[in-house]
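Take these sequences, add in the hints, and give me the full structure.
2 protein chains.
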Amino acid sequence: MKKVKIYITLRESVLDPQGQAVMDSLHNMSYEDVKDVRIGKYIELEMEDSKNLTNRIEEMCEKLLANTVIENYRYEIEEGVTQ
Amino acid sequence: MKKVKIYITLRESVLDPQGQAVMDSLHNMSYEDVKDVRIGKYIELEMEDSKNLTNRIEEMCEKLLANTVIENYRYEIEEGVTQ
Chain S
24 MKKVKIYITL
34 RESVLDPQGQ
44 AVMDSLHNMS
54 YEDVKDVRIG
64 KYIELEMEDS
74 KNLTNRIEEM
84 CEKLLANTVI
94 ENYRYEIEEG
104 VTQ
Chain G
24 MKKVKIYITL
34 RESVLDPQGQ
44 AVMDSLHNMS
54 YEDVKDVRIG
64 KYIELEMEDS
74 KNLTNRIEEM
84 CEKLLANTVI
94 ENYRYEIEEG
104 VTQ
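Protein chains in written order, with this note's numbering: chain S, 24 to 106; chain G, 24 to 106.
Simulated from the structure, these hints should not be mistaken for laboratory data. Errors might be hidden in some of the hints.
Not everything, but these chain G residues come out facing chain S in the computed CB check (under 8 Å) [to be verified]: (1) Thr32; (2) Ser48; (3) Tyr54; (4) Asp56; (5) Val57; (6) Lys58; (7) Val60; (8) Arg61; (9) Gly63; (10) Lys64; (11) Tyr65; (12) Ile66; (13) Met70; (14) Glu71; (15) Ser73.
Far from chain S by the CB rule (all over 12 Å, computed), these chain G residues [said to hold, decoys possible]: (16) Ser36; (17) Leu38; (18) Pro40; (19) Asn51; (20) Glu67; (21) Val92; (22) Ile93.
Even for Gly, the Cβ is constructed at its ideal location relative to N, Cα and C.
This is the structure we're talking about:
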């Protein structure tokens, strides 16, 4: 078994109203030193190992997990997760 | 300026219906080798550097960004983000 960590972030050109709302709240709580907030998704998968694991992960990201029109994704595969 | 990456995950004991729904969809798309899906948040902050930066980050996580009753958080501070 492999643990796969997927990070999905909004593309830089895309507005992030949720991040803006969080930043406004932080400013109201006197954390004015926060200059930008971007909110994305973090997905952990447990998958059976296979030869074409990276292909399968990229397919899943493209088809379901990320909206590649407005989002970027990157992933890491963690070794040594025992079954 | 520092870039801070915050990862917020559900505690292990907490059910993740969103992750379950994603896993069901993946199975329907013939990705049966996915055995578990957990969905969390990934937040990027840009902050002015300060001496008590880690304290401030932990405060923000505890007070606003994470719900520590059901969520865990961890963070990384990235060096060398120029202003």
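- request: Answer holds if the nearest beta-carbon of chain S is closer than 8 Å to that of Met70/G; otherwise answer violated.
  value: Since chain S brings a Cβ to about 5 Å from Met70/G, closer than 8 Å, the hint holds.
Does the closest beta carbon of chain S sit nearer than 8 Å to the beta carbon of Thr32/G? Nearest chain S Cβ about 7 Å off; hint holds.
### Message
Less than 8 Å between beta-carbons is the criterion; does Asp56/G satisfy it with respect to chain S?
### Response
It holds, given that the least Cβ distance between Asp56/G and chain S is near 4 Å, below 8 Å.
Hey, does Ile93/G actually stay past 12 Å from chain S on C-beta? 15 Å, holds
Exercise. Minimum Cβ distance from Tyr65/G to chain S below 8 Å?
Worked result: Holds: closest Cβ of chain S sits about 4 Å from Tyr65/G, inside 8 Å.
So Val92/G supposedly isn't at the interface. Is its beta-carbon more than 12 Å from every beta-carbon in chain S? Since the minimum Cβ distance to chain S is about 19 Å, Val92/G lies beyond 12 Å and the statement holds.
Confirm or reject: Ser36/G is not an interface residue toward chain S, with every Cβ-Cβ distance exceeding 12 Å. Correct as stated: the minimum Cβ-Cβ distance to chain S is 15 Å, above 12 Å.
**Message:** So Leu38/G supposedly isn't at the interface. Is its beta-carbon more than 12 Å from every beta-carbon in chain S?
**Reply:** At roughly 15 Å from the nearest Cβ of chain S, Leu38/G sits farther out than 12 Å, so the non-interface label holds.
- Would you say Glu67/G is clear of chain S, with no C-beta pair closer than or equal to 12 Å? The claim breaks: Glu67/G does not keep its Cβ more than 12 Å from every Cβ of chain S (closest is about 5 Å).
*asked:* Holds or violated: the hint that Ser48/G contacts chain S, with Cβ atoms closer than 8 Å.
replied: Since chain S brings a Cβ to about 6 Å from Ser48/G, closer than 8 Å, the hint holds.
query: If you take the shortest Cβ to Cβ gap from Arg61/G to chain S, is it below 8 Å?
result: 5 Å, holds
Per-residue hint verdict: Val57/G, partner chain S, C-beta under 8 Å: Val57/G check passes; min Cβ-Cβ to chain S is 5 Å, inside 8 Å.
Violation of the numbered hints given earlier is confined to hints 19 and 20; the remaining hints are satisfied by the structure.
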